[in-house]
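Novice: The chain contents come next:
Number of protein chains: 2
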Amino acid sequence: MKLWPLILFAGLSALHAETGYNAWLRYAPLDNPPALPAVVSIAAPSVLETSAQQEMIRGLRGMTGRTLREETGLPKENAIVIGTVAQLAPELHLTATAGPDAYVLKTVVSGTRHYLVIAGGDERGALYGAFALLRKIALGDPIATLDEHDTPYAPLRWVNQWDNLEGTIERGYGGRSIFWDGLKSREDMSRVSDYGRMLASLGINGCSINNVNANPKILTPELIPHIARIADAFRPWGVRVMIAVDFGSPKTVGGMDTFDPVEPKVAEWWKARFDEIYKAVPDLAGVVLKADSEGRVGPATYGRSHADAANLLARALKPHGGILFYRGFVYDHHMDWNNPKNDRGRAAYDNFHDLDGKFDDNVIVQIKNGPIDFQVREPASPLVGALEKTNQAMELQVTQEYFGQSKHNVFLVPMWKDVLDFDMHAKGASPTPVKALAAGKTFGRPLGGFVGVVNIGLDDNWSGNHLSQSNLYGYGRLAWNPDLSSRRIADEWTKLTFGSDPKVDETITSMQLSSWRTYENYTGPLGLQTLTDITGNHYGVNVEASERNGWGQWHRADENGVGMDRTVATGTGYIGQYRKPVAQMYESLATCPDDLLLFLHHVPYSYKLHNGKTVVQYIYDSHYEGADAVAGYARQWKTLRRLVDEQRYKTILAQLEYQAGQAAVWRDAVNVYFQKMSKIADAKGRVGHWPGRYEAEAMTLKGYTTRDIVPAEDASGGKGVACAAGAGTCAASLNFTGEAGWYTLRVEYFDQSNGVAHYKVWVGKQLVDEWAADLRVPSMRLDSSTSTRRTIAGIALRPGDEIRIEGEPNGGELAGLDYVEIIR
Amino acid sequence: MKLWPLILFAGLSALHAETGYNAWLRYAPLDNPPALPAVVSIAAPSVLETSAQQEMIRGLRGMTGRTLREETGLPKENAIVIGTVAQLAPELHLTATAGPDAYVLKTVVSGTRHYLVIAGGDERGALYGAFALLRKIALGDPIATLDEHDTPYAPLRWVNQWDNLEGTIERGYGGRSIFWDGLKSREDMSRVSDYGRMLASLGINGCSINNVNANPKILTPELIPHIARIADAFRPWGVRVMIAVDFGSPKTVGGMDTFDPVEPKVAEWWKARFDEIYKAVPDLAGVVLKADSEGRVGPATYGRSHADAANLLARALKPHGGILFYRGFVYDHHMDWNNPKNDRGRAAYDNFHDLDGKFDDNVIVQIKNGPIDFQVREPASPLVGALEKTNQAMELQVTQEYFGQSKHNVFLVPMWKDVLDFDMHAKGASPTPVKALAAGKTFGRPLGGFVGVVNIGLDDNWSGNHLSQSNLYGYGRLAWNPDLSSRRIADEWTKLTFGSDPKVDETITSMQLSSWRTYENYTGPLGLQTLTDITGNHYGVNVEASERNGWGQWHRADENGVGMDRTVATGTGYIGQYRKPVAQMYESLATCPDDLLLFLHHVPYSYKLHNGKTVVQYIYDSHYEGADAVAGYARQWKTLRRLVDEQRYKTILAQLEYQAGQAAVWRDAVNVYFQKMSKIADAKGRVGHWPGRYEAEAMTLKGYTTRDIVPAEDASGGKGVACAAGAGTCAASLNFTGEAGWYTLRVEYFDQSNGVAHYKVWVGKQLVDEWAADLRVPSMRLDSSTSTRRTIAGIALRPGDEIRIEGEPNGGELAGLDYVEIIR
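These protein sequences, in sequence, are chains A and B. Per numbering that gives the first Met the number 0, the first sequence starts with residue 0, numbered consecutively. Per numbering that gives the first Met the number 0, the second sequence starts with residue 0, numbered consecutively.
What the hints contain is simulated information worked out from the structure, not anything from laboratory work. Computed from a predicted model, the values in this text were never measured in an experiment. Among the hints, erroneous ones may be present.
Capping the alpha-carbon separation at 30 Å, the derived lysine-lysine pairs in DSS-like fashion look like this [stated by the list, open to error]:
| # | chain 1 | residue 1 | chain 2 | residue 2 |
| --- | --- | --- | --- | --- |
| 1 | A | K440 | A | K416 |
| 2 | B | K270 | B | K250 |
| 3 | A | K502 | B | K649 |
| 4 | A | K502 | B | K502 |
| 5 | B | K278 | B | K216 |
| 6 | B | K75 | B | K135 |
| 7 | B | K75 | A | K764 |
| 8 | B | K135 | B | K416 |
| 9 | A | K135 | A | K75 |
| 10 | A | K637 | A | K649 |
| 11 | B | K764 | A | K135 |
| 12 | A | K759 | B | K75 |
| 13 | A | K649 | B | K649 |
| 14 | B | K502 | A | K637 |
| 15 | B | K649 | A | K135 |
| 16 | A | K75 | B | K764 |
| 17 | A | K612 | A | K678 |
| 18 | A | K416 | A | K388 |
| 19 | A | K637 | B | K649 |
| 20 | B | K718 | B | K701 |
| 21 | B | K440 | B | K579 |
| 22 | A | K637 | B | K637 |
| 23 | B | K135 | A | K637 |
| 24 | B | K135 | A | K764 |
| 25 | A | K278 | A | K216 |
| 26 | A | K675 | A | K718 |
| 27 | B | K357 | B | K426 |
| 28 | A | K75 | B | K759 |
| 29 | B | K718 | B | K678 |
| 30 | A | K649 | B | K135 |
| 31 | B | K264 | B | K317 |
| 32 | A | K649 | B | K502 |
| 33 | B | K637 | A | K649 |
| 34 | A | K135 | B | K637 |
| 35 | A | K502 | B | K637 |
| 36 | A | K135 | A | K416 |
| 37 | A | K388 | A | K357 |
| 38 | A | K579 | A | K612 |
Looking at chain A on its own, in the form it has when it is part of the complex (with noise of 0.2 Å):
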């Protein structure tokens, strides 16, 4: 059975430009490639090493240009040879081992032949080996005489999508489900196929394939044939699928009066159900739950446990050798904000420490990063500490919801590696990385490992965007092996995705070391977590979203100061939850790193951080180097001009112009929030001064009307225009005064996801730029997602130029304007 033909020889009569679709796996033309045997041989046709043949032929196809011979057993002249180690070792007298998913890169001489052996502690870790000996060819590491052993980090690498089953995807920034459509399996399969090789490249086996505020039909019957199509496909490349379920669903679905753990016909009933799944998908890896938490039902219905909740299922999976993934990402969401003794940080411990040793063994505690929910910065989750007879995966956010949402680039590398590698004091005097924690290396549990939410959907390039890709690539990376470092897994990523060049290298590999910093440098720094809205979309500014309700991400910010006291001594406790020498470092203000400090203090304003500078000034100059440092990601970008090919050269340009000029939005309204909060001026005299700025509602405007923008900071001086439909076009319009010289003219203005509005600017009788406001923003208001710039270079201006903004609304689109700064 052939299944890879198409995919085979797709990229050779392919016209197109680069697109992204093949990520990672390009396999472009090597200007120097090795020297290479005419053979792939396979120890026997299995699925698994089938399509490790087929990979690898595929992959130095593109690379050399040549076919390899497809054999099977021992060739008679060199040749690559895939297999297993136990059906390797007889015939190449292999003294290796090889644990499972796990391999070996050896060349071995037999009298007048070189055989460059693949051997896998099983058939995935020889499919592995493929994927590896294809990422050393590509990157031109030596490979004429190997003899290395790769074993994976932990047992469990997985990826959740967030996919829901009509065909949206929560969370999701890259199109729509490559899984679902319409409550049914897509009906081409061929994305799911080439994201479990995306998936298997990296060494990840297992992928949930539905949203864990998971749809209750996804067990019923008339789903399982879908479930199993969707197994089908990532089958071949050792992906395993798991699927989120609903507790409440033997009410909901079976049609039970009761969905109580404890009782029996309950048991009996996840029982039946998951033998029937089985029957269809026999090498099911198991079921996530999400329950008690935002809104699923769960075993606090009955009063019960999540160990009880949680064994239920576990027990019904046992017999298939599945797996049950519980998440720990279970909190109140209705607590008292008045209450300075509340603390969502403090949940996850608080639910699930007591519980410690009362989980089955095939439970896993999924246990987000972070004890809030994936910010910009939070200290390692206490839990992962906390359990001892508990087996633990942590959770990564691969998809950007707090990040930007595919539209900012941050490669989230760095902050993962800030978690895995904390040392958490779990165990004595040796070091406990949370990373050996997750993987239950400290505990030696049987089970654990790392989960990472991935979210891809159909769009080319998978992900939204070019470089968002580098964080599945990533995570992948460090869920196989988190002693990487992030410096040699970006510049991995650069070179497979856009070539060795090293200028190209350079560029985007710094870029991307540095992007996590700059990102928290505008949107928040010093533990503030992600000051974005965090109620509504996660995207634009909103630094008093998180107070005054119940959902618990307070910062805390008043008149006196700022951020969260989560000390034992006169805070909420948090602290506490961890072990002693972590939990004296974060009490005590003299050891607690400045990055975390709001998180775990609250501070005057006026604090002095161990860098020296004040609290509030160090909120206002990292606010100016982050969004600095996107403008030079933009100006460092077009160096590369010529150099990465011109399809993702401009998409990527145009997606850090559009970063930048966010960046100066989020800078702004962070700014001037705790200037006005903090009464205390910027010691540089920037903040609410900015040379060259024009406020629209201070231009003379035609039918173009006043509004308040909400927050006001949102909005520079708090106030837009707006042009109502029906006013047909609307206008702004100022006198320069300024001397004459070539300008750049930026226009701040509101591109909301209602309508594509239509602007024009002239300078004089002349019109200088236009444009349509067809960005997909998530939101519909005048408001800092909406807010976008234009930047417009190049423009000559002489004293008493009029220049003048024409906006057109379109749909509820108001064609709003916020500023225009005209800078030399």
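Chain B: place on chain A using the hints.
Specialist: For chain B alone, kept in the frame of chain A given last:
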């Protein structure tokens, strides 16, 4: 009124890769832009000057990133100043003069101000000057101190489009008509406007907008508004519209009982029609007429002369200043081929020579460059040198009818130059090159010039492929200044289209300059004419298609010799139509150039050329040289990877590789034909002996049946195999007996236009390639037009390997195969 905004800014926001839409007007950013003022001013806000000003702004914006200020009148600061000499001379003290369409580029210092002056002899000249300055800047020519006068060589620089009113284009290879669809003008006129801009950039000032094989409906009242719309779209670019008419229109459209040109009522009818059209299009340039040719009716119906017909229409146009282009392409296509005195080459001269002086002053006889029909090589038409008292224009074919129909790359400028520079000895001792005669210079005619048959269409890149754009560019540049060298034109076009990288420039320019000779080498050397199916698609090889029919493109190859005896002494007397010095040169074998030998003489195959080779050996050698050269182009192109944008790089590479395959088909077909006919073997032993070639008909066939190919030389061995529809998948296989090594397989298959067959190639059980035969070539048969090469490089073969080709027919396409070549 602003016409340009969407055009002006389109390039800035486009995220697309290079489509070729902007051709040589890409205005790509310059690495080192020159110092330029901030203002571009026009003397008066007329349509043409405004176009010039907007183009200047657009071009400099693209190249420098700056938007010049648009002003009117003489600016009070440094500026680019555009206007007519008459407008600008007083204030700027210009002493230069310029005629119609001409321009002056001059740096004028006035006090402290520097003006870069573009002064046209008229407004159109100013527009042309603006394009000229932009071209200089794009090419990196110095512009700091300018003092240049540029005057077009001829007053008429026109293009014809053979567009049918239904939307197809006769001999058009770049998509459907930009003008017409369903007997109406196309809804969207933006392509017409953009075409006008391209033409204006070359100084082309007129365009006929419908096929010379004219649909009589063009003269109906319903069509007038549509002609007017097209004229409106062209007008801002100084391009005047012309229409082609059918001489029988008084009967077919007018309902009259005659179209006899001497009937007064016929004259009145034409006058009334033209009066009507001129009401809607007051600047209509005139009318093109093809009469008494290839089935078109004409004055011969009533025994009247071409002058009667031409003057009839010319007089109706005269009051409006219109011109009548009368096509000199008149011949009898029912000639007796058995009569050795018959000669289509004589027709133009015979038909028009005696009428010299009988045409009105607003008549132009439009003469094709050669006496036959745009063949790969023809001598200059003798009629050009024979008309002393008649206006003429030279018709050159830009669309590649006999030149590979945009699937082969042939840069035609060197061919045109050959003809234009040819001295006709028409007037005493001083040189009278064709260009001077055509332009009216030699005999002081009031009108004259050049007409290019362009036939661009709706394809993104206008021409069907990127490289073919060079022919429109080259035609326009030559029409403006036929003294420009081919190298200069190729170099300009390459830099404007692909940028100024020296390697890119040198590679493409050298390929272009040799491409005509290369194409001649493999399609019809020594004046044989293009050895294609002249009564059919004009695309593939058919050496005898020209013979034994009345169309008169005979080369008269027989067992004893080849060539058309056109001597005065023993042949058709055609040579006697030239002036004496030319006739003497052609008449004598001693002085007749090799390149035209067989066009003018019949000689034995063993006849020795000036270069020392026999005719037949030269035919063999030149075909190998031609095919090898195309293979070389593809190899050279590969060295431009990463230097040319990905999209065009891949598209052009695919085209050159296809052309390389086709050139081999031509090589083999022509050589086999002449070896069979002459019974003289190739001295180098190549013809008929193809190392590594396996005929499909000799392979082990399953389902495939052997077919005789007609003509036999169109397939290797005269046979191919086909898979009848309904036979399912067929297979042809062979056992490889060579030594182990890396090989390239070349599969020669038949890609008909009436289906999309699928092919798979297996080595043993391994699928090594597959493809869909989805090209559109103008044939539905197994023949040399559909014969297509698939190259499969990098295949490791071992003795005993079975190589199997599977073909799955589709529609009428039979998955045909000719042969497989296995080469190292």
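Novice: Which hint numbers does the structure go against, in order from smallest to largest?
Specialist: Of the numbered hints, all hold.
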